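Trainee: Each chain, letter by letter, is given below.
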Amino acid sequence: KAGVTQTPRYLIKTRGQQVTLSCSPISGHRSVSWYQQTPGQGLQFLFEYFSETQRNKGNFPGRFSGRQFSNSRSEMNVSTLELGDSALYLCASSRPGIEQYFGPGTRLTVT
Amino acid sequence: AQKVTQAQTEISVVEKEDVTLDCVYETRDTTYYLFWYKQPPSGELVFLIRRNSFDEQNEISGRYSWNFQKSTSSFNFTITASQVVDSAVYFCALGLNSGGSNYKLTFGKGTLLTVNP
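Residue numbers (our numbering), protein chains in the order written: chain A, 215 to 325; chain B, 22 to 138.
Possibly wrong hints are sitting among the right ones.
Below, computed lysine-lysine pairings styled on DSSO-like, alpha-carbon distance capped at 27 Å [said to hold, decoys possible]:
#1 B:Lys130 to B:Lys91
#2 A:Lys271 to B:Lys130
#3 A:Lys227 to A:Lys271
#4 B:Lys130 to B:Lys59
#5 B:Lys130 to B:Lys37
#6 A:Lys271 to B:Lys24
#7 B:Lys59 to B:Lys24
#8 A:Lys271 to B:Lys59
#9 B:Lys91 to B:Lys24
Rather than coming from a laboratory, the hints here were simulated on the basis of the structure.
Just so you know, these numbers come straight off a predicted model, no measurement behind them.
Kindly produce the complete structure, drawing on both the sequences and the hints.
Mentor: See the structure below:
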């Protein structure tokens with residue numbers, strides 16, 4: 215069974231630009247969660263999607279948004295990038311209430 | 022508010038030594054899950070174990086074992102006879118159902134384990 219895939223794996227953007235990251239969950243998993251990992255703040259929950267609806271959101275500004283498609287694939291978008299948005303963005307998929315399986319992440323560098 | 026504390030930032034051991042990673046959590050919820058994840062240099066978080074708040078039975082799986090004690094809010098993880106391949110960052114996480122379909126995970130800061138040959 216294929217694992218969670220995330221594209222792209224690496225990304226370099228300039229301050230002020232926007233970026234879209236993609237996540238394809240494990241087949242049969244309908245819940246997708248996003249996390250941000252930085253050296254200073256560690257792993258922080260961004261949001262969770264299930265059945266194309268955002269079910270939960272962490273404490274991040276409105277510049278961070280996401281969506282989920284009918285095939286459970288998810289995208290997250292960050293607008294007006296700031297230097298502090300440089301991080302590893304991890305996507306996790308699961309069946310509801312079951313352990314979350316993580317993808318390899320997208321490493322975003324903002325210059 | 023929920024919080025997970027991993028007091029050990031870094032641990033270095035020699036191969037074949039046993040090592041215990043500590044985790045202390047805080048929550049007012051009575052229903053919750055506890056997790057351990059491993060993050061090798063490749064960056065992907067690998068799920069190791071899940072425990073719910075009503076199951077304090079400790080578990081052994083191969084070289085791994087877990088000790089869950091609600092009285093001290095601790096969920097410690099032990100690797101027996103460590104190997105070089107165990108070198109990674111280990112994260113303890115607390116999962117709470119916050120109205121979503123899944124558990125919102127609060128992670129500790131992680132413990133970097135280095136196993137030297």
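Trainee: What are the numbers of the hints that this structure violates, sorted from low to high?
Mentor: none
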